[in-house]
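**Student:** Taken in order, these protein sequences are the chains called A and B.
Residue numbering for the first sequence follows our numbering, beginning at 232 and increasing consecutively.
Residue numbering for the second sequence follows our numbering, beginning at 232 and increasing consecutively.
Watch out, some of these pointers could steer you wrong.
Said to hold, decoys possible - When the alpha-carbon atoms are kept at most 20 Å apart in a straight line, the in silico SDA-like pairs for lysine to any residue are as follows:
1) A:Lys772 / B:Arg521
2) B:Lys335 / B:Leu581
3) B:Lys772 / A:Pro516
4) B:Lys718 / B:Thr634
5) B:Lys610 / A:Asp770
6) A:Lys772 / B:Asp553
7) B:Lys610 / A:His238
8) A:Lys772 / B:Leu518
9) A:Lys772 / B:Met773
10) B:Lys662 / B:Asp734
11) B:Lys643 / A:Ser474
12) B:Lys772 / A:Asp729
13) B:Lys772 / A:Lys610
14) B:Lys772 / A:Ser234
15) A:Lys772 / B:Pro516
16) A:Lys772 / B:Ala653
17) B:Lys610 / A:Thr236
18) A:Lys772 / B:Gln520
19) A:Lys335 / A:Asp403
20) A:Lys662 / A:Asp729
21) A:Lys772 / B:Leu581
22) A:Lys610 / B:Pro771
23) A:Lys772 / B:Ser234
24) A:Lys772 / B:Thr524
Just so you know, these hints were derived from the structure itself, not from any lab.
All values derive from a computational prediction rather than experimental measurement.
2 protein chains.
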Amino acid sequence: MASLTHHDITILFVSLGILLASARILGEIARLFQQPAVLGEIIAGILLGPTVFGSVFPNLHETLFPDEGAVLVALQGFTAIAIALFLMVAGMEVDLSTAWRQGKTASVVAFLGIVVPFTLGFVTTWFMEDLFSNGSKHPHLILSLFIATAMSISALPVIARILMDLNIYRTDLGMFVISAAILNDLAGWIIFGVLLGLIDTGGASTWTTGQVLILIVLFTGGMMTLGRGMFNRLLPWIQAHLSWPAGVLSFVMTMAFLSAAITEWIGVHAIFGAFMLGVAIGDSPHLRQRTRTTIEQFISSIFAPIFFASIGLRVNFFTNFDLQLVVVVIVIATIGKVVGCTYGAKWCGLPNREALAIGFGMNARGAMEIILGLLALEKGLIDERLFVALVVMAMVTSLSSGTLIQWILQPKAPVRFSNFLAASRFQPALKGMNREQVVRELASLAAGSASLDATVIGDKAWEREQVMSTGLENGLAVPHARLPDLKQPIVALGLSEDGVDFDSFDGQPTRLVFLILTPQKDNGSQLEILADISRTFQDPKMVAAVFQSRNYTEFLAIIRSHEDERG
Amino acid sequence: MASLTHHDITILFVSLGILLASARILGEIARLFQQPAVLGEIIAGILLGPTVFGSVFPNLHETLFPDEGAVLVALQGFTAIAIALFLMVAGMEVDLSTAWRQGKTASVVAFLGIVVPFTLGFVTTWFMEDLFSNGSKHPHLILSLFIATAMSISALPVIARILMDLNIYRTDLGMFVISAAILNDLAGWIIFGVLLGLIDTGGASTWTTGQVLILIVLFTGGMMTLGRGMFNRLLPWIQAHLSWPAGVLSFVMTMAFLSAAITEWIGVHAIFGAFMLGVAIGDSPHLRQRTRTTIEQFISSIFAPIFFASIGLRVNFFTNFDLQLVVVVIVIATIGKVVGCTYGAKWCGLPNREALAIGFGMNARGAMEIILGLLALEKGLIDERLFVALVVMAMVTSLSSGTLIQWILQPKAPVRFSNFLAASRFQPALKGMNREQVVRELASLAAGSASLDATVIGDKAWEREQVMSTGLENGLAVPHARLPDLKQPIVALGLSEDGVDFDSFDGQPTRLVFLILTPQKDNGSQLEILADISRTFQDPKMVAAVFQSRNYTEFLAIIRSHEDERG
Chain A
232 MASLTHHDIT ILFVSLGILL ASARILGEIA RLFQQPAVLG EIIAGILLGP TVFGSVFPNL
292 HETLFPDEGA VLVALQGFTA IAIALFLMVA GMEVDLSTAW RQGKTASVVA FLGIVVPFTL
352 GFVTTWFMED LFSNGSKHPH LILSLFIATA MSISALPVIA RILMDLNIYR TDLGMFVISA
412 AILNDLAGWI IFGVLLGLID TGGASTWTTG QVLILIVLFT GGMMTLGRGM FNRLLPWIQA
472 HLSWPAGVLS FVMTMAFLSA AITEWIGVHA IFGAFMLGVA IGDSPHLRQR TRTTIEQFIS
532 SIFAPIFFAS IGLRVNFFTN FDLQLVVVVI VIATIGKVVG CTYGAKWCGL PNREALAIGF
592 GMNARGAMEI ILGLLALEKG LIDERLFVAL VVMAMVTSLS SGTLIQWILQ PKAPVRFSNF
652 LAASRFQPAL KGMNREQVVR ELASLAAGSA SLDATVIGDK AWEREQVMST GLENGLAVPH
712 ARLPDLKQPI VALGLSEDGV DFDSFDGQPT RLVFLILTPQ KDNGSQLEIL ADISRTFQDP
772 KMVAAVFQSR NYTEFLAIIR SHEDERG
Chain B
232 MASLTHHDIT ILFVSLGILL ASARILGEIA RLFQQPAVLG EIIAGILLGP TVFGSVFPNL
292 HETLFPDEGA VLVALQGFTA IAIALFLMVA GMEVDLSTAW RQGKTASVVA FLGIVVPFTL
352 GFVTTWFMED LFSNGSKHPH LILSLFIATA MSISALPVIA RILMDLNIYR TDLGMFVISA
412 AILNDLAGWI IFGVLLGLID TGGASTWTTG QVLILIVLFT GGMMTLGRGM FNRLLPWIQA
472 HLSWPAGVLS FVMTMAFLSA AITEWIGVHA IFGAFMLGVA IGDSPHLRQR TRTTIEQFIS
532 SIFAPIFFAS IGLRVNFFTN FDLQLVVVVI VIATIGKVVG CTYGAKWCGL PNREALAIGF
592 GMNARGAMEI ILGLLALEKG LIDERLFVAL VVMAMVTSLS SGTLIQWILQ PKAPVRFSNF
652 LAASRFQPAL KGMNREQVVR ELASLAAGSA SLDATVIGDK AWEREQVMST GLENGLAVPH
712 ARLPDLKQPI VALGLSEDGV DFDSFDGQPT RLVFLILTPQ KDNGSQLEIL ADISRTFQDP
772 KMVAAVFQSR NYTEFLAIIR SHEDERG
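This is chain A alone, in the form it adopts within the complex (with noise of 0.2 Å):
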């Protein structure tokens, strides 16, 4: 294999196409309900390798995902560049000083999160050797080392994916899963090291365990004082001299790389060490908000789909699946990570809810133990139906993990309006001239789409219109009432080009009306709903751009789209 051919090129750029599409797709389903969107990413690969696809279409799923080449070997190099990147974005979202505030905590969840699954995985390995031999030419004791090793490990990516997902990374409690699942993961990596000397003298393991547990330390220590100092004093510096933004951009990554490499050299993983470069570079105060988002919003969006995505495209779930097998395996693995990481929780005093939810986000697997899984059966330490059972257990912990942490925590989403708004409530050219016409104009319009009646909304909200007006700054105005046969909010949107006076404070014609329907009995929503339009219409410009919508589509495109720019 020289180099890649015209051929393999095509085919790289499909597969790209493809992976990231599918992911996109099935995140968003996801998404629909109510789950986190990695979730549908590593269902794209599922749907995508020789479990579904493959098995249907052999010939086609072997052209655009191959086995073997030069298309693979370019495939997995962009995919670790991928959650390399991913990890540093995760970094760089870190606040140090929550997760020193936890580190104690942390540290011991962490432990505990390892010594149960260890020692169980370690137990049932050695007792059930008929389930788990595959007559390899290692001995037992090294397999069930090795299988205690798989059960511990947590997956820092899809942890990390699944509390941003949920929007609960940058919680108290995110920090808190986030600083265990750290320090899990190294503790693990270290621990697989040593058993990979053990099986294999000159391979992968260039250093004895306690080099490796000294260069993380001199690692870790150093990118925390030195590093993190010298980044923050160096940023104002590229700023001020280098172009801009093409200097802070390639300073972050260049470093990123290399941080990278220095980890995977020392053999905890490149993920590591670009996921501490994050933390450390994003500690700085003069990484500009800007910076930041355009690095978040094109890893976030384009690498770590194609990665989680890449998950599930080598392995066949169906061909050496055993069920015995598969069922301990999840078993001993859910059992030994929630009960481990829920003690140790509960011990350094957490309520239960908290530290369940910690104990399933731990339990997540992914990327780590199929990585692992690799190893281990290219060494022919384990079988393809361990393997495959290992995998199986990866997705079903992942796939778990956040459908559990949500229904524990039910964490709340934020209130927006377009949430209540449909394209039958939305009046792009208002007739009414006056206030009362307006609002009466609306209020048959939110009627007609919720079978309500017109009069008695229209009463109701002039009647609260009389009191005081509800026009605001901006030209925006937010006439309200409550219903008491209502189930939920309903909001009614008209547009007027010219403006009707709705007698606002700073005497500009409104030109934005929103008719806010709350039930009766609710009495928080309304007031999220007002909160959300004056935040979201505080710029005037907001109010300009929606006037350029000409259809509903395009007033939601509007919204959307400028969410994350008012921070």
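Go by the hints and put chain B onto chain A.
**Tutor:** Okay, now just chain B, sitting in the frame of chain A:
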């Protein structure tokens, strides 16, 4: 070669880090010498390649940038993706209406830009058989046709990058050169495809020439009509209904990957598909500026430099260097291309100066010749000597193109006040308590650093200040004076936390005082500096941001990193 090993991944990250860092450093050095950054990036690759680094440290070079194996393939895959994405960005920046308007003239330039160098190249090779011949098994006619083709292909990526670096990409001239380069390259690749078919049936060329032509017309026409309309309709829907900004970002990238795959499959290289997709999707007014910026910044700052630096990696420019051959190839290529394009442009009525700039602009070769040369080398059509001559020709024409365009057009860089500031003329805490004290304090600061007389400057500026206050809105003041002895403008800046009364018309205390000294004879620069200052600080947030800087470097960092956001 099964897959990327632990060691391969380490090397991959190290080499990416080194490539990116060197490209940035040499790019910045190029900018210091008023050259396009891409020149520095290409030179970085030559320094890192076998020519310099490889000949001094051959073993280390072989480890970091191996000639074969998995790391090479992974890096090739990454750079193939990088260049396609860069061309997509270049496409997004195309102003379609300008390009259409110039279509006819551009075709003439493209046509003559192929025919003249092709003829010249063919005749030269045909009659200088001794020099070019390499005892290959292919007839001399084929070799002559190949050299003729190599002489006539421009390098769209290099040209686009040079024009962007010089800030003339979006001008009429820039769009003209790009339109001509697209046509030129499309034709060149079709000819090359035919040639490949002649020496190797059943290989890379799956299509006959007629089929390729039809497919290209179908693809380009489809993109510009159906594709453009579809993207314009889909974008609002995606932004309204999918997650933001992941939805729109992954849509754009998916389309880019698939378009790249289509043109690579047709046989005219992936970059054309990505470019046309960029043009089609970039034309939509529904693609937000925010999305464009994220894509453009990440790709231009990270992917493009890595690609351009990777060009020089594989070739040793000293061994296999045949001076006579190199000189003949450069002279023929340059004369053919410059004469053909300049004449074409003049024929279409362009003024001499612009016609010459177009001629030299189109003369830039680069990646294309190297890809072409590599293919020909693999097929045994050319030998190493000729390959090196082609690569050197590509480098020399690329290196000279930017310099010559700049020398011919003398594009004027925008005046930035920060270019006339210096650390020694920056006073983070003004001592003066009133208008006159502050003006004289800044005058002595300016005088000290430029060996002028502080009293003279102070008197002049204070005299002007008394005629009418220079206090502007937002807490700015801009006292100024013209001095007969001054060679170039000087700006001094003082910050006052509490503010000084400058009698400004919004009644606010002045917190940022700029003293602007310009040469007596120079009419323009005073106004331009004033305009730049008021543009920079039109947003009150910028004034507040400046007060967070503790020294001159941090101040500069804030100013520079906000430049692009002013739009």
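**Student:** Tell me, in ascending order, the numbers of any earlier hints that this structure violates.
**Tutor:** 4, 5, 6, 12, 13, 14, 16, 21, 22 and 23
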